[in-house]
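Q: Build out the structure end to end from the sequences listed, making use of the hints.
Protein chains in written order, with our numbering: chain A, 626 to 796; chain B, 683 to 1367; chain C, 1444 to 1548.
Honestly, the hints are just simulated from the structure, not real lab data. Just so you know, not all the hints are guaranteed correct.
What the hints assert, rightly or not - Taking CB as the label site, the calculated pair distances span:
id : chain 1 : residue 1 : chain 2 : residue 2 : range
1  : B       : Asp1072   : A       : Ala785    : 42 to 50 Å
2  : A       : Leu756    : B       : Trp1291   : 33 to 41 Å
3  : B       : Trp1291   : A       : Ile627    : 55 to 63 Å
4  : B       : Ser1276   : A       : Pro761    : 43 to 51 Å
5  : B       : Gly1306   : A       : Ala785    : 19 to 27 Å
6  : C       : Arg1539   : B       : Asp1072   : 51 to 59 Å
7  : B       : Gly1306   : A       : Val751    : 45 to 53 Å
Unchecked claim - Away from chain B, derived, C-beta distances all over 12 Å, residues of chain C:
id : residue
8  : Leu1449
9  : Thr1473
10 : Ala1515
11 : Val1516
12 : Arg1533
Owing to the predicted nature of the structure, the values given are computational and were not obtained by experimental measurement. Don't be surprised by glycine CBs; every beta carbon is placed ideally from N, CA and C.
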Amino acid sequence: MIFVLTIIAFLTLATAAVALALRNLIHSALLLTVSWSGIAAFYLWAGAEFVAFAQILIYVGAISMVVLFAVLLTRRSRDDFAIAPESVGRAVSALIAGGAVLGVLFGAVVSTRLPDPPTSAPVVTVRRLGLQLMSPHAAALLVVGALLTVALLGAVVLAATARRDATEDAG
Amino acid sequence: MLELGAFLRLMTLPVHLLWLIAALPLLAAGIGALTPRRGRALAAGVAIAAMALSFLLSCAALATALAQPAAHLVHNFAWFDLGLGPLRLGWLLDPLTAFMCVMVTLVGLLIFVFSVGYMHADANSTRFFCFMSVFAAAMLGVLIANSLLLLFVCWELVGLASYLLIGFWFHKPAAAAAAKKAFITTRIGDLGLLLGMLWLYDSTGTLLFFDAGNGVLEAGALGALTAQTTIGGLAVSTAIGLLVFCGAIGKSGQFPLHVWLPDAMEGPTPVSALIHAATMVAAGVFLVARVYPLMAADQALAHVPIHALTVVAFIGAITALMGAMIAVAQNDIKRVLAFSTVSQLGYMMLALGVGSWVAAIFHLLTHAFFKALLFLGAGSVIHAAHHEQDIRRLGGLRGPMRTTFATFAIGMMALSGVPFLFSGFWSKEAILHAAHAWNGSSLPLFAGLAAVVLTAFYMTRLVAEVFFGAPRSEAAGHAHESPPTMTIPLIGLAVGAVLLGFLGTPAYPWLQARLLGETEVHGHSLLEGGGLMMLSIVLVALGIGAGWAIYWRRLRATATALDPLERATPRTFAALAARLGFDELYAATVGRLSNATAALADALDRHVWDGAIRFLARLGEFTGVVSRETDEDMLNGGFDAGSESLRGTGKLYSRAQTGETHGYLRVIAIGFVLLVLIVMMGGGQ
Amino acid sequence: MNLSPLHLCLLFSSALFCIGLIGALCRSNTILVLLGVELMLNAANLNFIAFWRFGPAPSAETGVIFVLFSIAVAAAEAAVGLALVISIYRHQQNIRLQEANRLKG
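A: Structure follows, in C-alpha cells:
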C-alpha cells in the first residue's frame, strides 16, 4: 500500500516538475495531464472514487483542453511553441524561496505527531455524497453554481473581441 | 488432423483474460501515440506485432469456445457503485465472439501489413498506425463485451476512430467533410441505440447479456419484456429491439442512413478496407446477431402490429437492391466497391431479419475476406496508378500487375457468387435459402435474387474497365506491380476468400452448427433445395454474361467515351450515378430543417429576449440617473476631504507596488516561511 | 524514523505544493504560472483527502465535499485565468508576466 503510494507520488511529482521546466508549452500541458491523472490515482488509492473521477473529468478533460487552447491562441507564429529561456537570477531566487517553503513544510510535517490512522478505510458512496451535497451543503452548491456561471460569463467577456474591432477588420 | 486437434485442445484462453485481445492493440496505439513522427518503423512494427498476438489469443479463445459451443462463458465484475447498486460489466466468450475475433484480427493483421507498403510515403504514418490500432481495439472491445453499456462505449470508440481515419488526410476538404458526415450520420443511429439501452436498463435493471439467468438475453428478462406493451400495441421488446437496430442501421450503412459509407472512401484505402470489411460495418451486423434473442423475442406473439425482425428483413432487402443498383453506375473504383458493401450488408441484415443469424454471420465472415481483398486490390491499383481512381481513366492493368489482377479476380468471383469454388457463393446461398424458407413475405427473396444479377454485372464491369483493354491515361500506362508487403496480404486474403466457404457448405455446415451451439454437424445433400441454387447460378451467369457482352466484348476506347448503359438509358444512369439523390434529399429536408430551427432560435434571441433585456437596461439607467442626482448634491462634500488624506497614504504604499507579480509571490513565500519559523521558535502552542 | 501513511501523504502534498510554487516563481510565461498555481491548489486538495482518509473522524464526508467544491472553484479560476491570458496577449502581443505591469501604482 505504501509502495503504491510511493510510485504514484513519484510519478506525479516527476511529471509536474518536468512539465514546469520544459520549454515547449504543448509538451508541458500534455505532461501536466499525466500529473493530474497521478493525483486522481492518489484519490483512488485513498478510496475517494468520486473525487478521482471528478479530478479526471475536470482537470484531465476540461482544464487541459482550455490550457491547450490558450497555448495555441497565444503563440505568435505557426511553430512558436518554445519560449525563451528564463533569466538565471529569477530561477535562483525562485529555487531559494521554494526550497525554504519546502524545508519549513517538511520540518513541520515530520516533527508533528499525528493521530494513529483508523483501522478500516472510510467508505463513501455516491449516494451519501449526493445526499450530503443536496441537504447540508445545498447552499454552498448553489453558490458554486452561481460562481461557475459568473466565471464562464466573465471568461467570455474577457476573451471576446470587441465587436467594433471585428467590423474594423472586416472593413 | 489428429495432432492439430490435440494442439487446439492445448490452446485455451480463460474468459477472464479475454480483455487481452482488445488491450494489446490499444497498448500498441498508446505506444504509437508516444512515438515521434520519424519512428514509423517502430509504430508499424508494434501495431503489427500486437495484432498478431491478438490473433493468436483469438485462436486460443476460439479453441476454448469450440470445446463447449453451447455455453456462454462470461466473466462479470462490478465497475463502480451507484446509489442503487453496482454497475456491472463483463466479458463474453461464445462461438460468435470467437469467430468474429479471429476474423477481425486476421483481416486486420493483413491490412496492417498492406498499410506498411501503402503508407510508406506518408509523413504521418506513425499517427496512421496509432489510429488503426485504436480502431481494431475498439472493434474487438465490441466483440468481447458482455454488457450493452461496454459494447456501446466501444461502439462509440469505433465511431471516433473511423472519424479520425476517414479524415486522416484532413487537409483535403472532401476528406474532412466525409469524416464529419460519417460521424454525424452514425450518431443519429447511435441515439436510437442509446435510447434503447436506457429503456432496457429501466425495464430490466441490468445491461449484462448473460448473467446466470439474470441477463437481458436470457429467458427471464425476455419474458418480462414481451409481456409488457407500449404505445401502438408494440411489445416493449419490439420497441427496444427497433431502437437498438437504429444503431445498427447507422453503423452498417443501411437504408436510409447509408449515405456516409460511400463518402468514407476519402480516407486512405487500407482504412476503407478495414471499415468495409472487418470493423465498422461489421459491428452493426454483429450487434443485431448478438441481441438476436431480444430481436426475436416477439416472434411468438400473434397480436402485435409488427415484429422487429420483419423491419430488419425489409430494411436489409431495400438496402441490398438499392446498393447494387447504384453500384452499376459509379465510375470511382472505390465507390463501386463501397456501394457493393452497402448491398452486401443489406444481404446480411436480410438474413438476420428472416431468422437465420448464422447465415448472416457466415456471410459477414466470408465478405470480410473478399471485400478486404477487393479494397486492398483497389489500393494496389491506386498506388500503382499514382492515385488515379476513375475507372474510365484506368484500363489495361492486367499485364503489368499480374498478382493484383489474379487476386482481384478471385475477390470479384467470390463477391459475384461464382459457384462452388468461392466462399461468397456458399454464404449467399445460405442467405437465399433462409429468405426462401421465410414465411413472412417473398419480397426479400426477390430483392436478393435481383441483387445477385446486379452484383455479378457491376463486378464484371469493374474488372473489364480496370484490367482489360488499353491504358487510357498517362498514370495507368506507367503502372507497375506493388511491393511484396502489399501483394502478400492480397494472396493471403485470396486464399481465405476461397477456402472459407468450405466451413459452411450445406453438405457439412460446421460453422453454422458451432455458432448455434451444436456439437454434431447435420449435413444434407446439395441436391436438397437444388432448384434455388440452380436459379442463382443461372442469375450469376446472366449477370456476368451481360457484363461481358456490354463491357468486355467492346472495350472502352477513350477515357471520355460514354458508358454503354448511359447511351442506352441516359436518365436512369444519371439518377443512379447521382446515387438516387439521397444526399440532395437530406440536404433539402434535414439540413433545411436544422437551418430553419437555427434561424428561429436566432430570431427569438434577437427580438424577444433582447427586447426584454433592453427594457431592464432602461430601467437600470433611470435608477442610475436618480441616484446620481442625490449623490452629487448631498454626499460629495464630506467625502472630498477624506479622500485627500487617503491619497497621501496611498502614495506611500504604492512605492511597494512594483507591478512585478513574481515579486509579490516571492514576498508571500518568504513571509510564510518567516511566520512559521517565528511560531516554531517561539514555541507558540 | 517511522512515518505513517498520513505523514507520507502530507510530504507528497508539500512537495507538490513547492513544485507548483517554484514553477510559478521562476517562469515568465503566464500560462505556466497559472498551471503552477493549479498544482498548488491540487496539493491543498491532496491534504483534504489525506486527512479525510487517515484522520480521526473519517465518517464525516466533509473532506470529500470540500475537495469537490475546491475543484469547482479551481475550474472557474482556470477559465477566468486563461481568458485573462488571452486578453493580455491581445493587448501586448505576448504573455510575459513581468511585462503585464501597466496597472502598477
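Q: Against each hint, give a clear statement of whether it holds in the structure.
A: To see whether the hints hold, each was checked on the structure:
Hint check: B:Asp1072 to A:Ala785, Cβ distance near 47 Å, so the stated range 42 to 50 Å holds. With their beta carbons about 37 Å apart, A:Leu756 and B:Trp1291 fall inside the hinted range of 33 to 41 Å. The beta-carbon spacing between B:Trp1291 and A:Ile627, approximately 58 Å, falls within the hinted interval of 55 to 63 Å. For B:Ser1276 and A:Pro761, the hinted distance range of 43 to 51 Å is satisfied, since their beta carbons lie about 45 Å from each other.
Between B:Gly1306 and A:Ala785 the CB atoms are about 25 Å apart, so this pair conforms to the stated range of 19 to 27 Å. The hint said 51 to 59 Å for the Cβ distance between C:Arg1539 and B:Asp1072, and at roughly 55 Å that hint holds. Checked against the hint of 45 to 53 Å, the pair B:Gly1306 and A:Val751 passes, with Cβ atoms roughly 48 Å apart. Every CB of chain B lies more than 12 Å from the CB of C:Leu1449, the least distance being 20 Å, so the non-interface label holds.
Not every CB of chain B lies more than 12 Å from the CB of C:Thr1473, the least distance being 9 Å, so the non-interface label is violated. Residue placement check: C:Ala1515 keeps its beta carbon more than 12 Å from all beta carbons of chain B (closest about 21 Å). With a least CB separation of 19 Å from chain B, C:Val1516 remains clear of the 12 Å interface cut-off, as annotated. Listed as a non-interface residue, C:Arg1533 keeps its Cβ farther than 12 Å from every Cβ of chain B; the least gap is roughly 19 Å.
In summary, the structure is inconsistent with hint 9 from the numbered list given earlier, while agreeing with all the others.
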